[in-house]
Amino acid sequence: MDILLILILLLPLAGGVINACFGSRMPQPVPVFIACGAVIGSFLACLGSLTLAAGDGYRLVLFTWLKSGNFQADIGLLYDPLAAIMTLMVTGVASLIHLYAAGYMEDEPDQVRFFALLNLFVFAMLTIVLADNLLLLFLGWEGVGFCSYGLIGFWYRKTENADAGRKAFIVTRIGDLFFAVALLWLFALFGTISIEGINAQVSGLEVTTVTMISLLLLFGACGKSAQVPLMSWLADAMAGPTPVSALIHAATMVTAGVYLLCRMFPLVSLSSTAMAAIALVGIVTALYAATCALAQNEIKRVLAYSTMSQVGYMFLAVGLGSVSAAMFHLLTHAFFKALLFMTAGCLINLAGHENDIRRMGGMRQRSPLVFWLFLAGLLCLAGAPLTSGFFSKDLILATAFAHGDPFHLGLYGLGVMVAGLTSFYCFRLAYLVFAGDFRGDELPHEPSALMLWPLYPLAILGLTAGLLNLPHLFSGGSWLSGWLGRTQDVLHLSISIEYLLIGTAIAVFVLGWLLAALRYRKYSERQPSLVGEFLLNGWRVDDLFDLLLVRPFKKIGRFCSQGVEAGLIEGVLNGAARGCTDLGMRLRGLADGKVSAYLQGLVWGFVLIVGWFLLRALV
Amino acid sequence: MIVPMEHLLILATLLFALGLGCVLVRRNLIMILIGVEIMINSAGLVLVGASAFWQQVDGQIMVLILMAITAAEVAIGLALVVYLHQQKKSIDVGIFDEMRG
Amino acid sequence: MTAIMATDFPLLSLLLFTPLAGALMCLVIGAANGTNARWVALITAGIVFVLSLVLCLLQTPAAGWLLYEDYSWIENFGIRYTLGLDGLSSVLILLTAFLQVLAVLVSWRQNHAPAIFFALLLILETAAIGVLLALDLILFYLFWELMLIPMFFLIGVWGYKRRFYAAVKFFLFTLIGSLCLLLAVISLYLLHGEQTGVYTFALEALKQTELSGTQELIFFLCFMAAFVVKVPLFPFHSWLPDAHAEGPAAGSVDLAGLLLKTGVYGMIRFAFPLFPVAAQKTMPILAVLALVGLFYAAWVAFQQIDIKRIVAYSSISHMGFVILGLAAWNQTAWEGSVLLMVNHAVTTAGLFAVVAMIEQRTGTRALDQLGGMWKSHPNMSAFFLLFCMASLGLPGLANFAGEILILIGVFTVKPLWAIIAVVGILFSAVYTLRLVQGTLWGSSCEPHDKQDLVPREWLVLIPLAVLVVLLGCYPQPVLELLREPVSSLLMSGGLP
Amino acid sequence: MNLESLHSLLPQILLALGSTAILLGGAWVRNRRLWLIVGALVAVVAALVAAFVDPARIDILGMYSATAYARFCTVLWCLTVAATLLISCRYVDLFRFGGGEYASLMLFAAAGMSLLSSATSFVGLFLGLEVLTLALYVLIAFRQGDSRGAEAGMKYLVFGAVATAFLAFGIALIYAATGTFNLEAAAAGLQTEEGLRPLGLAGWALLLVAIGFKISLVPFHLWTPDVYQGAPAPVSGLLATAAKGAVLAAFLPLLVMTGEGVADIRNVLWLLAIATMLVGTFAALPQTNIKRMLAYSSVVHMGYLLIALIVAGDEGSRALLFYMVVYTLATFGAFGIVTTFADENGEIQEYDDLRGLATLHPRRSAMLSVFLLSLTGIPPLAGFFAKFGLFQAAFRGGYAELAVVGVIASIISVYYYLRPIIALYSPEPAVVCREVAAQSETLVLVGCAAIILFLGVYPAPLLTLVGLVIP
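Residue numbers (numbering that gives the first Met the number 0), protein chains in the order written: chain A, 0 to 618; chain C, 0 to 100; chain W, 0 to 495; chain U, 0 to 470.
Check the hints yourself; a few may be wrong.
What the hints assert, rightly or not - The calculated DSS-like cross-link candidates involving lysine-lysine, where the alpha carbons are at most 30 Å apart (straight line), are:
id, chain 1, residue 1, chain 2, residue 2
1, A, K66, W, K280
2, A, K157, W, K374
3, C, K88, A, K593
4, W, K413, A, K553
Claimed, not checked - Using C-beta positions, here's what the derived DEER-type ranges look like:
id, chain 1, residue 1, chain 2, residue 2, range
5, A, G475, W, V468, 45 to 55 Å
6, A, A596, C, P3, 38 to 48 Å
7, W, F16, A, E569, 38 to 48 Å
8, C, I9, U, V28, 50 to 60 Å
9, U, V430, A, A616, 51 to 61 Å
10, U, V430, C, L10, 50 to 60 Å
Quick caveat, the hints were computed from the structure, so don't treat them as lab data. Predicted, not measured: the structure shown is a model, and the values here were computed from it. In this text, a Cβ means the ideal position worked out from N, Cα and C, and glycines have one as well.
All chains, full assembly: derive it from the sequences and hints.
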């Protein structure tokens with residue numbers, strides 16, 4: 000069994016490394032086979048080893064990575080139910096996306112780099128999931144950052160793409176810093192960085208310390224998960240190829256933050272302040288992103304903001320103390336959002352590589368199949384009744400409601416509002432893309448079969464994943480909560496309240512739909528309003544960061560390099576050097592070639608010596 | 000001793016100063032050499048006087064050596080004067096300033 | 000003093016003087032034919048590498064010297080020829096020997112007076128190894144200064160346009176520091192002699208000298224003057240970017256890989272154990288300078304156009320990290336510092352090697368004229384990306400392992416320092432990504448040489464890349480070698 | 000004067016006789032190289048005699064001594080002169096020197112230096128100094144028709160003559176004050192607090208001016224660069240090394256003594272040392288002519304040597320002698336290299352003309368680098384241990400401030416020593432100098448470089464030797 004567990008990690012790594020080193024020397028389809036094979040193999044290994052994870056999980060230490068003084072970091076795996084479910088999701092979705100990518104990237108000459116990075120990404124993501132200590136987790140954490148950097152900027156010939164990659168890397172790294180500090184602090188407190196070890200010892204800690212560390216972890220999570228305030232990179236990250244957006248920026252990497260918080264939940268949950276902060280970050284992001292999504296014109300950007308918003312829900316769930324709700328939404332979201340992105344990729348192809356929804360329309364005629372798939376995804380996202388998104392979102396909102404106090408009721412209210420906004424922008428998207436006639440002029444580029452096949456399982460999963468954690472009301476057994484060992488997350492509300500909550504959810508869904516239908520059923524060119532412009536630019540957060548961080552940074556840089564380095568330090572050095580040579584010139588000037596001057600020097604010297612003697616005699 | 004030592008020293012110092020003045024002021028090489036001669040002779044004077052003061056002959060021997068060496072120096076000096084004159088048609092030391100710095 | 004490995008054969012001297020002998024061979028055989036000189040240099044460097052590798056493998060993680068040599072040398076001054084090899088020295092010697100092989104390969108196409116060039120490289124190697132082995136202060140100083148001459152010529156003769164300026168700057172900076180060291184060594188020697196009647200320069204003996212607080216502080220500062228210039232610590236770094244930018248590729252590899260390391264080595268082998276009290280008193284200052292340098296160099300690197308200068312400033316920034324680790328004064332941080340030193344050497348050597356290759360192909364090092372190298376030279380670019388990622392501290396690659404140990408060590412002592420230093424990691428990402436962005440991505444510049452890596456270059460880059468990954472994923476062998484020496488050096492510093 | 004005294008003076012007599020013989024022989028046989036080699040042989044024989052024939056008595060007529068120290072100096076100067084003669088072989092042919100006269104004067108100078116270093120009385124000192132100076136007057140202007148040589152000769156003559164006058168008057172005043180010519184007694188006489196003390200001090204002041212001129216201390220150094228530049232390179236080499244070393248050596252025994260009188264002198268020397276080191280260093284910075292640079296460098300090094308002279312004692316003397324030997328080797332070597340680069344157009348002196356010579360003459364360039372780096376004091380060259388010994392002695396003697404000034408000067412000196420080296424090694428040659436070094440030149444220079452390298456790695460033999468001979 001150990002070997003299966005190792006294979007989960009090793010296969011994607013090997014695939015990535017082999018492709019990176021030798022891929023360009025292999026005949027064309029081989030690297031793709033290797034890449035897909037590696038991930039599918041990993042998925043199978045995960046399925047095979049699932050039994051290991053049940054209960055308290057399974058711990059496997061491979062070798063010592065770093066050991067110095069009393070610090071020790073192992074390459075070790077912690078395969079518990081949480082990790083297992085996440086692994087399953089990551090490998091499963093990744094397998095499908097790899098297959099899709101094989102079709103999507105068919106004509107790309109630089110395929111090898113793409114698949115190498117994609118495999119490495121899966122490896123890094125699985126490292127996050129399976130790591131038994133925070134440092135190894137951090138390795139995966141930064142690893143996904145790098146792969147995301149490389150993949151966003153995959154089409155590097157356009158500087159904007161490379162810049163978007165860089166932005167993603169640096170902004171998420173800001174979050175990583177907080178994570179790193181938390182790691183250091185935890186080690187200083189506990190003398191270990193093992194996740195189990197830390198979680199076992201937290202109970203004795205002071206609440207302020209816990210709060211501080213939890214907040215650090217939260218910030219770390221915010222970076223990777225594109226939560227307020229470190230969210231601005233995600234929309235730009237859509238510059239990458241669509242499979243990348245589907246895998247990294249929808250299904251897996253952006254949910255790593257949620258996973259981290261779930262992983263460290265025993266610690267985080269000790270501080271109510273931190274929990275409130277998490278919930279707040281979640282809902283603020285959800286709201287922010289939902290508003291932004293309203294005004295976006297590029298199909299992938301709409302989806303990106305929706306991702307941000309949905310991840311906000313997951314944060315909210317963690318903040319509410321319900322790990323299973325968070326994980327539930329994480330899973331369902333992974334399915335339908337991957338589906339959405341991949342169908343969006345098909346749509347873009349169909350529209351003749353056109354991203355802008357204002358230049359789409361009538362896509363239903365171009366491919367009814369894609370229409371239905373996309374619609375399935377959208378319905379899940381919008382929370383249409385009985386879809387997976389409906390159940391998972393409802394669980395989160397119900398949990399908020401169940402807390403009962405004003406703060407949480409407020410969260411619930413905002414959550415409902417976001418749900419309405421979500422429904423609105425989903426149907427806006429649907430109408431703009433599918434209704435009416437095609438507004439562009441490009442010829443369609445038919446998606447290959449390889450691109451369509453992986454969509455079916457995802458659509459099915461997206462529509463039915465609600466079964467994973469079906470609440471009692473629908474005579475479900477909350478299987479996920481049980482598997483995760485979090486039965487306390489199962490809500491026990493009265494039937495009437497449950498009906499009320501469900502009714503509200505359905506109501507806002509319908510409301511959103513109706514408003515969208517009203518406004519977007521018939522397409523008309525509109526001048527974007529001031530508010531629209533504001534939302535389109537993501538509340539102008541980029542400008543704010545530019546003003547607050549980027550420009551001062553550059554200014555200080557200029558000051559250092561021109562002011563201090565070239566001015567002060569070089570100036571002092573050159574000044575000293577010039578002083579020396581000037582002095583030298585003056586001294587050599589004494590020897591002007593004339594004997595009489597030399598003799599005068601001699602006499603002055605004599606006077607000097609006699610004077611010195613006299614001085615000594617007098618003093 | 001007929002003349003007091005002090006007088007002798009003052010005279011010698013004066014002579015030395017005069018010689019030095021000559022060396023410093025004159026630009027003609029021959030005149031400079033003459034100035035040097037005067038300075039050296041002032042030293043001879045002191046030596047003779049001191050020899051008498053200390054009742055020793057050492058000083059007087061030294062004077063003889065001094066004179067011999069001076070002669071040699073002048074010989075070389077004058078040879079150089081001729082050589083220099085051949086080169087630049089002048090023995091003004093001021094014009095020999097090709098090398099400087 | 001006894002050694003663990005009892006052997007009468009002067010193995011250390013053999014290690015030390017093999018490169019010198021090679022240098023002479025280079026001059027003799029290679030004078031007429033440059034190719035001979037290259038091969039002599041390569042073979043010599045290879046032999047030294049194998050020798051040091053064997054010594055490293057023989058090393059057991061126990062306290063004490065693995066090998067120790069002590070001969071009478073200049074009795075008149077009480078100077079002895081004392082060499083000792085422990086885990087710390089063997090790691091750094093192995094690094095030196097390894098990089099030297101690469102330096103020879105990197106400069107394979109050097110055509111201006113190759114015999115002298117390679118001879119100088121080998122002399123430099125002897126000097127560096129000597130510094131790492133010497134246990135007599137004057138012997139140490141001798142090798143310390145001996146590093147100057149070859150490096151000076153390498154920069155001053157085989158460098159670029161402003162090579163004289165750079166070479167003299169390098170020479171002057173380091174000489175000022177080392178003469179301070181010399182003065183301190185002499186005074187310490189006299190003081191010890193007056194106290195005990197035994198005039199000696201032996202490190203172990205001089206550690207016993209009784210010093211007043213002020214004396215110790217002055218001596219310590221004089222010692223540090225030499226070491227911080229070599230490291231170089233802000234604000235004594237100004238020579239390094241010029242030396243890198245104007246020097247040949249091999250010079251840069253050696254500068255980053257060999258010379259900078261000797262500064263830190265000098266601190267932990269000599270300055271700290273000799274003057275522990277003063278050292279600990281001044282640690283906060285050192286830490287502040289290290290931190291300021293860490294950020295300052297990052298900022299300056301961010302503004303540079305010349306890619307070699309960017310790498311040079313990144314070097315300064317990383318060395319700030321190393322010094323910060325030393326300032327924490329505990330086992331983890333010190334091991335981290337040494338590890339980072341090794342890792343940084345490997346990474347930076349790789350970066351400089353690729354930079355040289357880029358320059359060879361495009362004829363420029365200006366960031367604004369480069370771009371899109373991945374299109375024309377994917378293999379080279381992949382290596383460059385790897386080294387850059389290692390340099391910005393990506394976990395799993397070399398630098399991170401050292402950095403995290405330093406951070407952990409520092410955090411237990413002074414959390415604030417560690418937190419500030421963490422931000423430094425972000426900064427390194429900012430300027431390194433700018434470097435990557437400007438060279439690899441974007442629209443293509445037109446390189447006149449479309450040739451991707453040639454076999455010789457593969458030979459240079461593959462070992463470096465393998466090491467970068469290996470040191471990042473499994474640095475344990477190095478750490479185990481360091482454990483005992485570092486802990487005993489810390490002990491002699493008077494603190495656990 | 001008896002046979003024993005003559006026996007004790009055998010090396011000097013050999014030199015003087017040899018000089019005269021060559022002068023006579025040169026009138027008949029006009030083979031330049033022959034006489035140079037004969038001269039070198041005579042000098043070597045004199046050196047051997049000085050080294051291995053034990054003197055019959057130490058004190059010679061109260062004027063000279065034949066102590067181990069004096070003999071050591073004699074050997075040193077004789078060998079320097081022999082080396083100068085050997086290195087001049089090609090040079091004298093090139094510029095058509097009168098070989099006999101040249102060799103004869105060199106030997107004469109050697110005799111002077113040897114007498115100077117052995118002097119125990121002012122009479123002997125004066126005599127030795129004048130013998131040396133008179134020979135040098137001629138040697139400096141030896142290159143006929145060379146206007147710079149003539150100018151250099153004139154400058155040296157005027158300065159030398161004035162210095163002689165100062166020396167003579169100084170000696171006279173000291174004699175008047177103390178009633179003795181004996182150096183030690185005269186110095187000891189200064190210590191007694193008598194009415195004549197000011198007179199003695201005035202005498203010492205004059206004497207110091209004269210010495211200052213001879214070893215070119217600041218501010219009596221102004222003639223140095225001009226004369227070194229104008230004189231033939233081998234002669235400049237001799238001027239910068241033995242001619243200065245002999246004077247310094249003469250005063251070492253004096254300063255080994257302690258006492259108040261000497262303390263006054265030491266005090267002046269302290270001032271002169273600092274001025275010399277700093278002024279010389281800075282003035283050397285902007286130089287672009289290697290001979291002028293070496294001239295200023297010699298000024299600086301005399302400042303260093305003064306440190307040792309001031310410290311005196313065993314440590315100081317040892318440091319001084321060691322430094323002097325090493326300095327002599329390096330400076331002589333550097334001038335030697337300049338000699339070998341001379342062709343019928345003259346000497347290559349400017350840095351611009353040195354550019355790229357290394358590609359044509361790698362060995363000589365390497366040797367020049369060795370010499371200059373040794374002067375800088377960089378290990379593993381002998382210059383390092385010389386400076387090391389010096390600073391160490393300064394610290395022991397309580398003159399740390401002098402050591403610090405010395406260190407500052409050596410830091411700055413890096414710049415001017417390195418400039419010609421870099422010029423040599425720059426890729427594009429400026430002047431095509433195809434002169435092949437004569438065998439004798441190579442022999443001497445390789446010898447110098449080898450000794451410098453050897454002493455840089457293993458200075459113990461020389462250290463032991465100087466430890467044996469110090470007064």
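Do the hints match the structure? See the list:
With a C-alpha separation of about 29 Å, the suggested pairing of K66 (chain A) with K280 (chain W) holds against the 30 Å cut-off. For the hint pairing K157 (chain A) with K374 (chain W), the CA-to-CA distance comes to about 12 Å; that is within 30 Å, so the pair holds. Taking the CA atoms of K88 (chain C) and K593 (chain A), the gap is near 18 Å; set against the 30 Å cutoff, the hint holds. Restraint check: the Cα-Cα separation between K413 (chain W) and K553 (chain A) comes to about 29 Å, which is no more than 30 Å; the hinted pair holds.
One distance hint, 45 to 55 Å for the beta-carbon pair G475 (chain A) and V468 (chain W), holds here, with the actual separation near 48 Å. At about 39 Å, the beta-carbon gap between A596 (chain A) and P3 (chain C) stays in the expected band of 38 to 48 Å. The supplied range of 38 to 48 Å is met by F16 (chain W) and E569 (chain A), whose beta-carbon atoms lie about 40 Å from each other. The hinted range of 50 to 60 Å is satisfied by I9 (chain C) and V28 (chain U), whose Cβ atoms lie roughly 56 Å apart.
V430 (chain U) and A616 (chain A) have their C-beta atoms about 57 Å apart, which keeps the hinted 51 to 61 Å range intact. For V430 (chain U) paired with L10 (chain C), a C-beta distance near 59 Å keeps the hint of 50 to 60 Å intact.
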